[in-house]
Amino acid sequence: MELGPYLLLASLEGAVTAAVLALTAVGLSLVFGVMRVVNIAHGEFFMLGAVIAWFTAQAFGGHPAIGFTAALIVAPLAVGAIAVLADVTILKRINYDPERTIVATIGLLYMIQQLTLMTYGPEARPVEAPFNQRIALPWFEFGESGLEFYYPWGLSTTSYKLAVIAAAVVVLTGVWLLMTRSRAGLLMRATQADRDMALAFGIPVERVYALVFGFGAALAALGAVLIVPIQQAHYLMGADPLLLSFIVVIIGGLGSLPGTLIAAILIGLSDGIISVFFSPTLAKILATLLVGLILVFRPQGLFGTRAA
Amino acid sequence: MKDGQRIIGLHLGLLLLLFALQFVLPAYHHGNLARIMVLASYAIGYNILFGYTGLLSLGHALFFAAGMYGLSLTIEHAGFTAAPALLAGVVTGIAVSAGLAFLALRTTGVAFMIVTLMFAQAGYLTILYFSDYTGGDEGFVIQAAQRMLWGVDLSDPTNRYVAALILFAICLLASLALVRAPFGRTLVAIRENEDRVTMLGYNTFAHKLAAMVISGTISAAAGATYGLLFGYAGASFASVQYSIFPLLWVLLGGAGTVLGPFIGTLFMFYLIDLSSGLTTAYMLVAGVTLVLLTLYAPQGLIGELRHRVWRWLP
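Heads up: the protein sequence lines correspond to chains A and B, in order. Residues 1 to 308 in our numbering are what the first sequence lists, from first letter to last. Residues 1 to 314 in our numbering are what the second sequence lists, from first letter to last.
If you're looking for bench data, these hints aren't it; they were derived computationally from the structure. Treat the hints with care, as some may be off.
Facing chain A, from chain B, some residues (calculated, C-beta under 10 angstroms) [claimed, not checked]: (1) Leu15; (2) Leu21; (3) Gln22; (4) Leu25; (5) Leu58; (6) Leu128; (7) Gly184; (8) Ser236; (9) Val240; (10) Leu247; (11) Leu248; (12) Val285; (13) Val288; (14) Leu290; (15) Leu292; (16) Thr294.
With beta-carbon atoms standing in for the labels, derived distance ranges [unchecked claim]: (17) Asp196/A - Val309/B: 44 to 50 angstroms; (18) Asp3/B - Ala124/A: 22 to 28 angstroms; (19) Arg6/B - Asn95/A: 53 to 59 angstroms; (20) Gly79/B - Arg298/A: 42 to 48 angstroms; (21) Val152/B - Pro126/A: 34 to 40 angstroms; (22) Gly201/B - Leu290/A: 54 to 60 angstroms; (23) Pro98/A - Phe205/B: 30 to 36 angstroms; (24) Leu282/A - Asn203/B: 36 to 42 angstroms; (25) Leu295/B - Leu290/A: 33 to 39 angstroms; (26) Ile272/B - Ile73/A: 21 to 27 angstroms; (27) Tyr6/A - Tyr133/B: 46 to 52 angstroms; (28) Asp196/A - Leu295/B: 20 to 26 angstroms; (29) Glu304/B - Arg298/A: 39 to 45 angstroms.
In this text the structure is predicted, and so the values were computed from the model without any measurement. By construction, the Cβ of each residue, glycine as well, lies at the ideal position given by its N, Cα and C atoms.
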């Protein structure tokens with residue numbers, strides 16, 4: 001393949017990463033923005049989403065689309081419920097103290113990981129995609145008779161990957177509408193702006209916190225359900241999404257949703273393209289160093305306006 | 001009895017007890033205790049930054065690994081003997097902690113935790129990336145012949161115990177002296193209210209920088225000694241888990257107490273040791289312990305003891 005089709009292929013793969021990453025990172029960013037706590041267990045909520053999707057798909061027979069659709073509903077709800085439970089039993093009782101929350105969510109991470117290992121086991125298992133046609137993509141060149149289209153060998157994607165991108169766009173639009181146009185979004189934004197004042201105006205801040213924590217986890221789980229037909233579900237799969245979401249949230253500006261979205265697309269695409277040309281380990285070293293340095297020299301992030 | 005005498009008596013008593021224990025302990029616990037003392041030294045280093053200065057680092061594995069690889073790589077590739085290699089490990093620790101301190105101390109709170117986490121992760125990945133030299137995940141073994149320090153064979157269990165005790169004694173007494181000195185009092189004041197300390201005319205950045213370098217150096221010394229005593233260096237010692245362990249030990253024993261790191265390490269080590277006899281889910285035990293600690297005993301074992309009984313504990 002020439003460079004052009006090669007780049008197109010890399011960016012398509014990158015766009016799928018970006019779509020899932022955007023869902024996961026927006027969940028993390030919502031929790032940080034509204035509650036001002038860092039949830040280290042966010043990657044484990046992602047992993048739980050994938051694992052629960054596998055269990056759900058196993059429970060339903062017949063066409064793979066039935067099991068997948070069920071997983072799409074069950075996994076985010078179940079993970080959201082677990083997160084709400086964690087919020088009410090642990091985070092609320094330590095009063096959302098930032099440092100103790102980090103320690104507690106590290107504890108939560110260990111517990112979720114170990115319990116998954118004990119029930120689901122160490123194997124990596126896939127969920128079958130509901131539909132998966134191969135789509136060959138055309139490329140153009142300037143031949144003797146002007147612009148010509150042809151189908152280079154290997155330049156293809158699947159209908160499922162395109163559907164993942166479309167689904168992420170739909171869900172993120174929904175999140176945006178929820179935050180800007182609905183009463184629930186108004187309550188969340190009010191709590192984010194000034195917790196005490198919101199409380200004084202009769203907003204049930206504790207319930208908002210529990211819901212936001214559950215909602216953030218459910219978004220991560222949804223991203224995981226979408227990716228699990230492409231990547232397999234594994235009990236250690238939460239580490240990379242956690243790290244990448246952190247990178248995205250920090251580059252986008254802690255607590256800023258549009259920034260998070262732009263950063264997710266940026267990181268997802270460049271991750272796809274960089275790992276084609278460099279070793280993945282080197283790409284990760286550069287990415288983590290970049291995040292560290294951005295936080296040191298520009299703590300509000302690239303797109304943020306307010307100091308974190 | 002004056003408080004000062006009681007404090008010195010208690011700490012020297014602990015060291016004497018540890019010295020005496022080597023003659024009565026069965027081989028298995030003897031080996032465990034040597035390991036615990038080295039790991040407790042690491043926790044003591046962590047405690048100076050976290051417990052006394054109030055800075056929560058999630059990247060101390062970087063310092064531990066700096067010491068360990070500073071020692072093991074110079075032995076393996078530069079042909080150093082144990083003594084200069086030990087020095088190389090400590091010097092690497094000083095350099096790495098000073099470098100990270102200059103960058104990370106520009107941030108506070110959550111940003112500080114994430115910056116330290118990110119740089120430690122970059123360090124861990126670097127060790128994996130240069131696996132031709134470092135052995136990557138598998139690591140490499142330091143041969144017994146290379147572990148002779150001033151003619152003493154450190155692969156022998158008795159010598160190993162004494163060496164671990166010497167390291168632990170130095171770290172414990174250094175930490176005790178530090179927190180009783182005016183410098184240590186200033187660190188505690190920074191932890192409690194940094195703005196007020198700045199207003200009183202102290203250079204808080206210089207104090208925090210010094211605390212982080214001291215903390216990193218002790219951690220590196222523990223890492224180098226660990227490599228020397230147990231003859232192994234691997235990338236897992238640089239992973240996030242080894243940044244979280246000292247946090248766990250210090251929280252369990254009591255942050256901001258001199259004895260807390262040792263008690264926490266001892267308790268956690270045997271908790272995992274005993275529970276892994278019953279179940280393989282020792283990570284679950286660690287997770288539940290962390291959550292229960294943040295909920296019910298945020299001051300840790302020694303912290304609660306100081307709070308309720310011995311108010312004079314340092």
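Notebook entry, point to check: Which hint numbers does the structure go against, in order from smallest to largest?
Noted result: 1, 2, 3, 4, 7, 8, 17, 18, 19, 21, 22, 23, 26, 27
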